[in-house]
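**Student:** Both chains come to you apart, so use the hints to assemble them.
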Amino acid sequence: MPEISRDEVAHLARLARLALEDSELDKLAGQLDVILGAVAQISEVTDAADVPPTTHAVPVENVTRPDVVTPSLPRDAVLAGAPAAEDGRFRVPQILGDAE
Amino acid sequence: MTDLTRLSAVETRQAIASGQTSAVEVAQAHLDRIAAVDGHVHAFLHVDADGALAQARRVDDGELTGPLAGVPLALKDVITTEGVPTTVGSRILEGWVPPYDATVTERLKAAGIVILGKTNMDEFAMGSSTEHSAYGPTHNPWDLSRIPGGSGGGSSAALASYQAPLAIGTDTGGSIRQPASVTGTVGVKPTYGGVSRYGLVAFSSSLDQAGPCARTVLDAALLHEVIAGHDPRDSTSINAPVPPVVEAARTRDVTGLRVGVVKELQGDGYEPGVTARFTEAVETLKELGATVSEVSCPHFGYALPAYYLIAPSEASSNLARFDAVRYGLRVGDDGVRSLEDVMALTRAKGFGAEVKRRIILGTYALSSGYYDAYYGQAQKVRTLITRDFQRAWESVDVLVAPTCPTVAFPLGAKLEDPLAMYKQDICSIPANLYGGPAASFPVGLSEGLPVGLQVMAPTLREDLLYLVGGALEDAIPYAVPPLTWETS
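Order-wise, the sequence lines are chains A and B. Per my numbering, residue -7 is the first one in the first sequence, and the count goes up by one each step. Per my numbering, residue 443 is the first one in the second sequence, and the count goes up by one each step.
Excised from the complex, chain B in its bound form (with noise of 0.2 Å):
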């Protein structure tokens, strides 16, 4: 039979439900993959081969059934496992082994979806480039001499490698849908509150959000809806029936959609190779029957900003929790020093450079004096870009950007310069603040390395993400990673 990691996630399980493998070989051969090819790429923080081939062979005895029963999945390691390590790419939590299992991952389990291990991060999901893992970076299977993109570069790297067809990301400020953009694969941002965040490691709560990855359309919704739906343990769940992705995902019938294409997310600093196939990609739309036109949300530029106060400010409280007392690293405890002193130096060794930069910013922007002009007017600033988006709607049902203004970059090119780094997230931003969905589809090739496209849509209307990511799926042929690396 064919290489069973080629498979998609549809595949994989039709290839299963027929008889034609099982389960544990499907297991079997990701995990071969990863031993043979992970060593170049670095996806994974951890592989956790017992639990997969466990998992695997419940779903052989028939104890699990479901549309992706079998189905291999690489999972970022921000999302807790019992049993299983959670570092969130950070010093502070190695070692750190979870005594429960996050929402998605019971309900990842509970579908039958056998989890590889877990996936290289930026530490605690602050960066664009998985470059500031306390692990080590991860290569893009494109090239591997380039950023896989961030936070979720191990997930996005894992798909694009063949080492899973299937992942789980989360995205703050685009860290889903740019590692997306970056690995030509898609990446799902579900609508704030659409997916449970017990047992997410937080960065910035209000922002947060778990979703779907994959190679395909359709396998990024079939796992769009195991994970998402209402959990009273995460009181900003919301309670309402999952829009209808899969349907949507098998319809992608784009006829008589209104399309907006943002004005401000366009232009100068945009690489003319991105914009050239954003460009293409809007003009199929148009030819599969959407209607095009162009849409100002004149705040969007106050996007990055805004972010960069906020975010910071939600972490920098949320980190307070890594007190060296209930879990993880605890440093200089030498009987002598008190309590405070032995936090410090554990939160200053556990702690990543970016991760410090953003505690200092965000209790800067917190602190008495400072707090109107920066959080605060942050915060207003978040209603203006709501108030774009709801206008926006007013007009159109989608709206579609770049999702990043560049292909790839070189690893160590943005590493020393944080604000350029900050500047990949510029036109996913905007969708965190407002909380509605959004998605990466790829479109194509500049120079040699993807492009994504990015859609946005109203709050629990991610069916219409999943319309237009299809629609595209079939008008542009999907780009094979040359992965020249495999065979030098």
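If we strip away everything but chain A, and leave its shape as in the complex, we get (with noise of 0.2 Å):
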């Protein structure tokens, strides 16, 4: 039995606001059914149960400065890299739809 199927993969691609074409969901499905099947090994590992989770290699604790306000980069050059500005602000497609 496969570990994803080709629905669950096109579901994934719609919340990862990825728009893939349907050649790349066929292929994706398998490649990825394949690699799903190599990693789930992992469960094998049964002494992890009462082991504590890493999520950082180096423990660091919160790491906090003084509340005084720096130098940011200019507005200007930041918008100059993006793909549209209007205003001094990102200029966004239409968020709401025609009805509203």
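Don't read these hints as lab results, they were simulated from the structure. There may be inaccurate statements among the hints.
[Claimed, not checked] Lysine to any residue pairs mimicking SDA-like chemistry, simulated, CA-CA at most 20 Å apart:
1. Lys791/B with Val84/A
2. Lys798/B with Ala491/B
3. Lys19/A with Glu706/B
4. Lys791/B with Gly73/A
5. Lys865/B with Asp18/A
6. Lys551/B with Gly493/B
7. Lys798/B with Gly578/B
8. Lys19/A with Asp859/B
9. Lys798/B with Glu(-5)/A
10. Lys791/B with Glu(-5)/A
11. Lys791/B with Lys551/B
12. Lys865/B with Val84/A
13. Lys791/B with Asp765/B
14. Lys798/B with Asp25/A
15. Lys791/B with Asp18/A
16. Lys791/B with Ala76/A
17. Lys865/B with Val26/A
18. Lys551/B with Ala491/B
19. Lys865/B with Ala32/A
[Stated by the list, open to error] So, partial list: chain B residues that the calculated Cβ filter (under 8 Å) puts toward chain A:
20. Trp538
21. Ser648
22. Thr678
23. Thr697
24. Leu699
25. His741
26. Tyr750
27. Ser758
28. Ser759
29. Ala786
30. Ala815
31. Arg824
32. Thr825
[To be verified] Only part of the chain B face toward chain A is listed, based on derived beta-carbon distances under 10 Å:
33. Val526
34. Arg533
35. Gln651
36. Pro683
37. Tyr769
38. Lys791
39. Ile802
40. Ile827
Note that this is a predicted model, so its numbers are computed, not measured. Note that beta-carbon positions come from the ideal geometry of N, C-alpha and C, so glycine has one too.
**Tutor:** The following block contains the structure:
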């Protein structure tokens, strides 16, 4: 039984905001099935049950700094790299549908 | 004077400091070299001739000094450079010009290092061959039909084809060490947090680490010292002194050093030539006064599956920032489509196949119902791998293994088989999950292609890597790439 179906891959692609072509979905489903079959062997590690997870290689405590305003990047320099800008802001495609 | 592009970084600096040559002459020689050979190799995505020559002039004017002032360097295109394009090997950032320098870039510039340009890489550093670059693969200077390793294949190929004596790589699962191994160069992954990640475009934030690449051990150590050290702009940066790497690279004495050969990283799947060179190099260390024993790290076998759950999970989250709003590509914005549709079309167009695979894999591993079995379990296995290392340090000072089970394979050989490609990282991943430093050093050839030996050390003991690397460098003659394609 496959680890992952084509429908499931299509659902994940929607969640990840990837408008994949049908041909890409076909190919990905097969490849992900093989990859997941291999990584699933992680479940064989039975002595992991009572072990705490490691989220970071080097444990660091919360790092804080004085709450002082420091210079940030110039606005125009940042907006220059954006696909669209207007009136000193990022311009985005419409967020609300026609009906609203 | 001799060909300036054949000098080590140390020799280059000596030649500049003694007035035998100038930084501008050195920079120009490398720019000429790039123009002559990079059509074959494709190590660079962008060459910044004006910036390089301007920086070289500052060195010649005496504005910038230091042990590497005037030495040229190839910078992996995952590190931001103010005013110079940074693509991360992806279409989604094509044409983006960062408004700021990464901390690594800042430190290179302040040290008088001359950045020649940005090097090719697998898109978002996901891959082991540079074939996943959106701008075409890099070719291994040892054999142009073979891969230069990945993801930092551009940096390693630039070194091996004498286009630069120094380079910067980044290593999330082996992207500094495996390219070093297959091109016969030196590559060091510092302790996680040893080099600032500020301005390093994120792939997997708990693993990503920038490090030095060079043709000699001392050159790598000198570069290491330039880029390492605490940076308040990276909250995971370690606030501790940089280990004495340059001193270790000069001492290179392994007398009494306890070397552990990892039992789990040998045997089936390792090419006979790789095993032979590795075994000889370990024998050499023994002759030089090290004591050698075999050490079992029982969970290393699960490092690969753990990594291919953790790294894609973090990537799926990190790469959400490519939303067609703030930088790079935007596709399908026709005034009618919604933000969400434009985002999905842009990401589908801007990301390549491997990046999409990993985003979907990570999205899956993080989804409710699978989280505990995959991502959660992988993080627990990460703890067990760390404990394997800690147990090893009770009996040995460093661990060694081949850097990679194979020599450079032919371009295209693993492109349609992602899992086979992933297995290139089998030896390098444990150190990333643990966080300690690790390096690859050249130890000779198998069938005419370079083999690398990997050294792994405890957290913040990168000096031990350089001790071993230096000792091996003295004992094993440097294999010079024949570059037969240059004359044909």
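**Student:** Starting from Lys551/B, check that the Cα of Gly493/B is at most 20 Å away, please.
**Tutor:** Judged against 20 Å, a Cα distance of about 11 Å means the pair holds.
**Student:** When the nearest CB of chain A is found for Pro683/B, is that gap smaller than 10 Å?
**Tutor:** This interface hint is violated because 15 Å lies over the 10 Å limit.
**Student:** Take the C-alpha atoms of Lys791/B and Ala76/A, compute the straight-line distance between them, and say whether it is at most 20 Å.
**Tutor:** holds, 18 Å
**Student:** Starting from Lys791/B, check that the Cα of Val84/A is at most 20 Å away, please.
**Tutor:** The hint holds at about 18 Å.
**Student:** Is the straight-line distance between the alpha-carbon of Lys791/B and that of Asp765/B 20 Å or less?
**Tutor:** Within the cut-off at roughly 12 Å; holds.
**Student:** Answer holds if the nearest beta-carbon of chain A is closer than 8 Å to that of Trp538/B; otherwise answer violated.
**Tutor:** holds, 5 Å
**Student:** Does His741/B hold up as a contact with chain A if the rule is Cβ-Cβ below 8 Å?
**Tutor:** holds, 7 Å
**Student:** Starting from Lys791/B, check that the Cα of Glu(-5)/A is at most 20 Å away, please.
**Tutor:** violated, 27 Å
**Student:** Just to be careful, I want the Cα atoms of Lys551/B and Ala491/B compared with a cutoff of 20 Å; is the pair within it?
**Tutor:** holds, 15 Å
**Student:** Taking 8 Å as the limit, does the beta-carbon of Thr678/B come near enough to a beta-carbon in chain A?
**Tutor:** Thr678/B check passes; min Cβ-Cβ to chain A is 6 Å, inside 8 Å.
**Student:** So, as I understand it, the hint says Gln651/B touches chain A; can you test that by seeing if any CB pair is closer than 10 Å?
**Tutor:** This hint holds: Gln651/B lies near chain A, its Cβ roughly 9 Å from the closest one there, short of 10 Å.
**Student:** Would you check whether Tyr769/B satisfies its interface hint, that is, whether its CB is within less than 10 Å of any CB in chain A?
**Tutor:** Tyr769/B check passes; min Cβ-Cβ to chain A is 5 Å, inside 10 Å.
The structure shown violates the earlier hints numbered 2, 3, 5, 10, 11, 12, 23, 24, 28, 33, 34 and 36.
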